[in-house]
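K.L.:
Chains as they are written, first to last, in our numbering: chain A, 1 to 397; chain B, 1 to 397; chain C, 1 to 397.
These are computed hints drawn from the structure, not numbers from a lab.
Any given hint could be a false lead.
Here are the simulated SDA-like cross-link-like pairs (lysine to any residue), alpha carbons at most 25 angstroms apart as the crow flies [unchecked claim]:
1. C:359 / B:231
2. B:132 / B:231
3. A:395 / C:5
4. C:318 / B:201
5. A:3 / C:151
6. A:135 / A:52
7. A:395 / C:359
8. C:308 / B:139
9. B:395 / A:71
10. B:395 / A:17
11. B:359 / A:139
12. B:3 / A:17
13. C:395 / B:21
14. B:395 / A:34
15. C:135 / A:71
16. A:3 / C:148
17. C:359 / B:279
Note that this is a predicted model, so its numbers are computed, not measured.
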Amino acid sequence: MSKLERLVQRLERLKSNNLYQSDFYWTWDKTGDELDAIFTVADALRDLRERNLSTRVFDSGLGISIFRDNSTRTRFSFASACNLLGLEVSDLDEKTSQIAHGETVRETANMVSFMADVIGIRDDMFIEEGHKYQKTFMDALDEGYERGILEQRPTLVNLQCDVDHPTQAMADLLHVIHTFGGVENLRGKKVAMTWAYSPSYGKPLSVPQGVIGLFTRFGMDVTLAHPEGYEVMGDIEDLARKNAQASGGSYRKVHSMAEAFQDADIVYPKSWAPFKAMERRTQLYRAGDKAGIDALEQELLAQNAQHKDWTCSEEMMKRTRDGKALYLHCLPADITGVSCEAGEVDGSVFDRYMEPLYKQASFKPYIIAAMIFMSKVRDPAAALRALERRGAPRKAF
Amino acid sequence: MSKLERLVQRLERLKSNNLYQSDFYWTWDKTGDELDAIFTVADALRDLRERNLSTRVFDSGLGISIFRDNSTRTRFSFASACNLLGLEVSDLDEKTSQIAHGETVRETANMVSFMADVIGIRDDMFIEEGHKYQKTFMDALDEGYERGILEQRPTLVNLQCDVDHPTQAMADLLHVIHTFGGVENLRGKKVAMTWAYSPSYGKPLSVPQGVIGLFTRFGMDVTLAHPEGYEVMGDIEDLARKNAQASGGSYRKVHSMAEAFQDADIVYPKSWAPFKAMERRTQLYRAGDKAGIDALEQELLAQNAQHKDWTCSEEMMKRTRDGKALYLHCLPADITGVSCEAGEVDGSVFDRYMEPLYKQASFKPYIIAAMIFMSKVRDPAAALRALERRGAPRKAF
Amino acid sequence: MSKLERLVQRLERLKSNNLYQSDFYWTWDKTGDELDAIFTVADALRDLRERNLSTRVFDSGLGISIFRDNSTRTRFSFASACNLLGLEVSDLDEKTSQIAHGETVRETANMVSFMADVIGIRDDMFIEEGHKYQKTFMDALDEGYERGILEQRPTLVNLQCDVDHPTQAMADLLHVIHTFGGVENLRGKKVAMTWAYSPSYGKPLSVPQGVIGLFTRFGMDVTLAHPEGYEVMGDIEDLARKNAQASGGSYRKVHSMAEAFQDADIVYPKSWAPFKAMERRTQLYRAGDKAGIDALEQELLAQNAQHKDWTCSEEMMKRTRDGKALYLHCLPADITGVSCEAGEVDGSVFDRYMEPLYKQASFKPYIIAAMIFMSKVRDPAAALRALERRGAPRKAF
Chain A
1 MSKLERLVQR LERLKSNNLY QSDFYWTWDK TGDELDAIFT VADALRDLRE
51 RNLSTRVFDS GLGISIFRDN STRTRFSFAS ACNLLGLEVS DLDEKTSQIA
101 HGETVRETAN MVSFMADVIG IRDDMFIEEG HKYQKTFMDA LDEGYERGIL
151 EQRPTLVNLQ CDVDHPTQAM ADLLHVIHTF GGVENLRGKK VAMTWAYSPS
201 YGKPLSVPQG VIGLFTRFGM DVTLAHPEGY EVMGDIEDLA RKNAQASGGS
251 YRKVHSMAEA FQDADIVYPK SWAPFKAMER RTQLYRAGDK AGIDALEQEL
301 LAQNAQHKDW TCSEEMMKRT RDGKALYLHC LPADITGVSC EAGEVDGSVF
351 DRYMEPLYKQ ASFKPYIIAA MIFMSKVRDP AAALRALERR GAPRKAF
Chain B
1 MSKLERLVQR LERLKSNNLY QSDFYWTWDK TGDELDAIFT VADALRDLRE
51 RNLSTRVFDS GLGISIFRDN STRTRFSFAS ACNLLGLEVS DLDEKTSQIA
101 HGETVRETAN MVSFMADVIG IRDDMFIEEG HKYQKTFMDA LDEGYERGIL
151 EQRPTLVNLQ CDVDHPTQAM ADLLHVIHTF GGVENLRGKK VAMTWAYSPS
201 YGKPLSVPQG VIGLFTRFGM DVTLAHPEGY EVMGDIEDLA RKNAQASGGS
251 YRKVHSMAEA FQDADIVYPK SWAPFKAMER RTQLYRAGDK AGIDALEQEL
301 LAQNAQHKDW TCSEEMMKRT RDGKALYLHC LPADITGVSC EAGEVDGSVF
351 DRYMEPLYKQ ASFKPYIIAA MIFMSKVRDP AAALRALERR GAPRKAF
Chain C
1 MSKLERLVQR LERLKSNNLY QSDFYWTWDK TGDELDAIFT VADALRDLRE
51 RNLSTRVFDS GLGISIFRDN STRTRFSFAS ACNLLGLEVS DLDEKTSQIA
101 HGETVRETAN MVSFMADVIG IRDDMFIEEG HKYQKTFMDA LDEGYERGIL
151 EQRPTLVNLQ CDVDHPTQAM ADLLHVIHTF GGVENLRGKK VAMTWAYSPS
201 YGKPLSVPQG VIGLFTRFGM DVTLAHPEGY EVMGDIEDLA RKNAQASGGS
251 YRKVHSMAEA FQDADIVYPK SWAPFKAMER RTQLYRAGDK AGIDALEQEL
301 LAQNAQHKDW TCSEEMMKRT RDGKALYLHC LPADITGVSC EAGEVDGSVF
351 DRYMEPLYKQ ASFKPYIIAA MIFMSKVRDP AAALRALERR GAPRKAF
């Protein structure tokens, strides 16, 4: 049986109909079967592309990208995914649009979506704002579609909000699945999602939250570790705990990097900002309190500096399973001696894991494409078989 | 008979051959049949897309967009229209190009057009400059094509100049046509194109000019209303008067919003800047007189503030036909209590008309696509039938 | 025999296999046959497009553009070439990406390339940096491809570095070939690549270097002329000398524009900055010496101003072969009395040559497309015949 046929048959065994015409906000909105279906389709699309088979679904149509924060890798992952399926990316850049001049989100959402099949939004800057913006945007499109203003209801791909970063966490997990030889091998694996020191400030919480919200669903033993004062959203911790219970894994929180790394199979050391501080920052921005914002930045940098020992050093790596845990990072990392004096990870550790790190990143375009595919295609299994049968080459000669 | 066949047969009855390989500067350059042909093709392309039929005409080719002023909706309308026909948009952003460094318009026009099929230009900032820029650009392409430098002569779509805003006015009118059940039902309808107060300054004249220049051609009774001192270009008023005479409608100007709204079937309350003031502004910019520009802005804001009663309030709407005139706006509107303290329209009025307003906007991508189609396709009726017969799905699965 | 068949047969006679899966850094990396193959394929692709035949090779895929310096014509040439072959351009704009925040080139290269078939880079600002950046970028992609991170190895098109500007020089030469009726007619032609005065500062050396490095390979008599102190890279002069010897032409350097123009068949008068000064500039930038940079600018502008007589005047043109040498420029030119008071060329000379100048520029998109085609298509001759046989129209109706 071909690899594709094997993947299609797996897909057929999964209950994933509800993904059709659905938005992707958070992984915890989706069932285990649905997540598995996205992983399976990501692998299938990659298999087709590797065999030079066109995976175009759309003859025309737009993918709208909205980046309210800078981005290279997510921008290119979204562009790659859209292009893979036949959609042209059109970027809504607020700096060159009228939005800043009082246009409401609701109106803009409809105005840009007349021929849009997908909306990709990254809005992770402000706690309490990112998800709200995405929800407002998509609710407006619901209304527009129901009222016949839009001929199609574009689907949302959350490219990072204040709560979750699903395309990242799922690309991370697909990489883990491939590394350990299948989703069925994840049970009992020890995962350390830990804070790490960075000389920069205010990194989003959505990566650790996304990871503990997703990895706890596969029977793994997930430890969140951070210095006191670097709490993530309490709701997401509660969710992780419930997920772990339901999946037969475990979730715990510790305040020691060493403890989390002990015998870990997978480590994900990464800086983030305290949730409470980010709440304060949002309030300061709302109040336009420039002095307060600057003071908070200084305060947080000083707080960070007290925890320079939270770093993924060679010593720390030795504590992991056979000293060889799979090292994950969403990139770019703050690398000690490379991009900064002291950072999240030793240069020698990072170098040793460069190849798997890049592979980890390579799954993101396919995860995004699979999310779009599952939301837009009525019968995904039949469509995958049809794409193989069609046999149109991606590169003709 | 299918809807498409009905539209194609209508198109065949219209004399529209001169649209082939022609530019679209102003609606008044075109005959009534030609405008009707564009409306008809816009409806036909929309019908095909709604039935998931590909409307690709181009296998490759570029649509060049040049926005000398910010834009969200027009930018996305142009991108949508190009994509619908198979063209990829390439934006000539002057801020990231060498144009500012002394390159002449003539040269740039040729340099970007080697593989361009369409040029979309928005240049509405300066009276006496916008149209001139478009004309210079397209004349250069004429020369380039005649001399064999360009293999194809790209066609112009005026995305707004200082004189007309044809894609807006035609989208507005197609919305009106659909609302009233056909172009044949427009005769005798009362239209109020009126100035309205806005706290911002210097909004372009091309919308009111475009509307009185176009709506007067369909036998409607068009009233232009504005406070004294807010005159539009005299030439366009003369044109509106002649149009009205020829079409059996009427054109008049009044200085009372209430008078214009009385028994109106259609109202279009919208801010603009006085023509004479915009002429002065252009001269100040040419002279680089920064202080003069600032002084003019203050003067105009003060002048505006004297006319806060020119607003589309609930009271004002009651004067219209059964209190239910069709409310038009090119968006974004300055909405009292929403985007500003006092603006062009009451929040409750705007809310009530949100659905038709969004529908109004939804016609613009199709109007632009129809302009391109008619200019590029030799036998549009045959091509529309061929697109239906071809039956290629826009979305494959 | 059709024009296309004639070109394909020419291509078949050339040994060009090594272009397959190769990068294009510098023309002197390539054999004469390989360069001829690119010229031939450029003509073939143009012939197909002129006959409205689709030249799409890719059904999906990205062309990544990286412009570390402003550009209009090269940007649109690259976009046109990618579009012609079916690739969508995605621009890596450093100002809106995370690169500035310490991401290494190596990492970025892989992160943006998961679905990229072509990378076009312009980096000509700093001597010793441009080529190095391109090399680092592509070496990282080699590694990524070998390690299975990338499913395809994107190909480089050097869109201008500090050393060579191959798409420019090759477009220039293809224009010369067409003007003189074939590559076989170039032997013995006199070429004057000369410095010319410009009121602006720091123009790149890659154009004169690219021209003397390429034109010396075709048996022409190439003269480089510049005032003392405006030396180009010595290595490239050595290369030009060797090329000339091997091709049976000649290379010499003089310090008089008049001498270079004497009996010239082709003149290319253009400003550039002294190599040594550009080396100093790079060092000043590295040291962050803002005052030093400003002082250098003043010094260079003053130095330029001593050579205002180095201009392509009518007088100067009279010295050329029958007073009718082919005038070349990469555009935009500094035109006396048009874009500046005193510049590289008289307004009347420029005007007389406008048509050939624009034609010269029109070859660039096809040169870039041919470079991509030769690098990506395994059997280019067969592919060109297949494209003709396929007969898919570029514009359908």
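K.L.:
Now, for every hint given, state plainly whether the structure supports it.
P.N.:
These are the hints, each one checked on the structure:
{"no.": "1", "hint": "C:359 / B:231", "result": "violated (47 angstroms)"}
{"no.": "2", "hint": "B:132 / B:231", "result": "holds (21 angstroms)"}
{"no.": "3", "hint": "A:395 / C:5", "result": "holds (23 angstroms)"}
{"no.": "4", "hint": "C:318 / B:201", "result": "violated (56 angstroms)"}
{"no.": "5", "hint": "A:3 / C:151", "result": "holds (17 angstroms)"}
{"no.": "6", "hint": "A:135 / A:52", "result": "violated (37 angstroms)"}
{"no.": "7", "hint": "A:395 / C:359", "result": "violated (31 angstroms)"}
{"no.": "8", "hint": "C:308 / B:139", "result": "violated (34 angstroms)"}
{"no.": "9", "hint": "B:395 / A:71", "result": "violated (29 angstroms)"}
{"no.": "10", "hint": "B:395 / A:17", "result": "holds (18 angstroms)"}
{"no.": "11", "hint": "B:359 / A:139", "result": "holds (17 angstroms)"}
{"no.": "12", "hint": "B:3 / A:17", "result": "violated (33 angstroms)"}
{"no.": "13", "hint": "C:395 / B:21", "result": "holds (14 angstroms)"}
{"no.": "14", "hint": "B:395 / A:34", "result": "holds (22 angstroms)"}
{"no.": "15", "hint": "C:135 / A:71", "result": "holds (24 angstroms)"}
{"no.": "16", "hint": "A:3 / C:148", "result": "holds (18 angstroms)"}
{"no.": "17", "hint": "C:359 / B:279", "result": "violated (39 angstroms)"}
In summary, the structure is inconsistent with hints 1, 4, 6, 7, 8, 9, 12 and 17 from the numbered list given earlier, while agreeing with the others.
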